[in-house]
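Produce the complete structure using the sequences and hints provided.
As you go down the protein sequences, you meet chains A and B in turn.
First residue of the first sequence? That's 3 in our numbering, and the numbers climb one at a time after it.
First residue of the second sequence? That's 171 in our numbering, and the numbers climb one at a time after it.
Keep in mind the hints are simulated off the structure, nothing from the lab.
Please note that the accuracy of each hint is not assured.
To be verified - Each computed DSSO-like pair below joins lysine-lysine, with the alpha-carbon atoms no more than 30 angstroms apart:
hint : chain 1 : residue 1 : chain 2 : residue 2
1    : A       : Lys85     : A       : Lys11
2    : B       : Lys212    : A       : Lys72
3    : A       : Lys11     : B       : Lys278
4    : A       : Lys73     : B       : Lys278
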Amino acid sequence: DGGITQSPKYLFRKEGQNVTLSCEQNLNHDAMYWYRQDPGQGLRLIYYSQIVNDFQKGDIAEGYSVSREKKESFPLTVTSAQKNPTAFYLCASSIGTGNEQYFGPGTRLTVT
Amino acid sequence: KQEVTQIPAALSVPEGENLVLNCSFTDSAIYNLQWFRQDPGKGLTSLLLIQSSQREQTSGRLNASLDKSSGRSTLYIAASQPGDSATYLCAVRGRGGYQKVTFGIGTKLQVIP
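The structure is reproduced here in structure tokens:
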């Protein structure tokens with residue numbers, strides 16, 4: 003089955019700790035994205051990657067980092083510099099940046 | 171800056187009713203518009219994608235229309251079922267450069283048996 007997987011589904015961390023969220027796709031898509039979803043707000047773009055070994059900041063990149071060493075994988079690290087990390091994080095991919103986006107099931111991160 | 175608004179924020183209808191969800195956007199220079207469904211605590215499921223050159227797209231009981239000049243899209247759901255209960259989001263992709271996608275906050279639909 004082709005699709006996007008995110009792990010873990012739920013993640014709990016103490017304030018001050020870095021945490022990495024996994025995103026893997028087997029759709030052979032070139033473009034991948036990370037979004038953050040908060041109650042009462044539309045999805046906001048954190049980072050995107052159009053091709054392997056390349057990525058660009060989105061609207062709210064501060065306190066986050068990514069890597070794109072393989073086409074299938076686009077992990078997101080939430081660093082201790084992110085002031086409000088508790089949120090629902092969604093990974094997506096598309097054939098190219100202008101095409102239909104497909105989303106993973108999401109990771110809910112809670113930082114206390 | 172593109173802004174996407176979805177009205178109403180919530181909607182409750184009896185089973186079997188036909189309904190329309192609305193999406194409006196401020197910048198008509200779009201590349202495409204995509205409608206999604208999101209169940210509580212889940213990711214987004216793509217429903218329909220309309221390219222800027224198209225007026226409508228259909229999939230089963232769903233029909234999405236696009237009027238770029240007025241900055242509006244509607245999602246029509248025929249013969250609603252309890253399984254249609256979810257939040258419906260629209261997302262507008264702009265033109266040029268990265269082709270940024272702007273999401274609405276969504277309309278939460280409840281279909282009552």
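Going down the list of hints, with the structure as the test:
{"no.": "1", "hint": "A:Lys85 - A:Lys11", "verdict": "22 angstroms, holds"}
{"no.": "2", "hint": "B:Lys212 - A:Lys72", "verdict": "26 angstroms, holds"}
{"no.": "3", "hint": "A:Lys11 - B:Lys278", "verdict": "23 angstroms, holds"}
{"no.": "4", "hint": "A:Lys73 - B:Lys278", "verdict": "35 angstroms, violated"}
Of the numbered hints listed earlier, the single one contradicted by the structure is hint 4.
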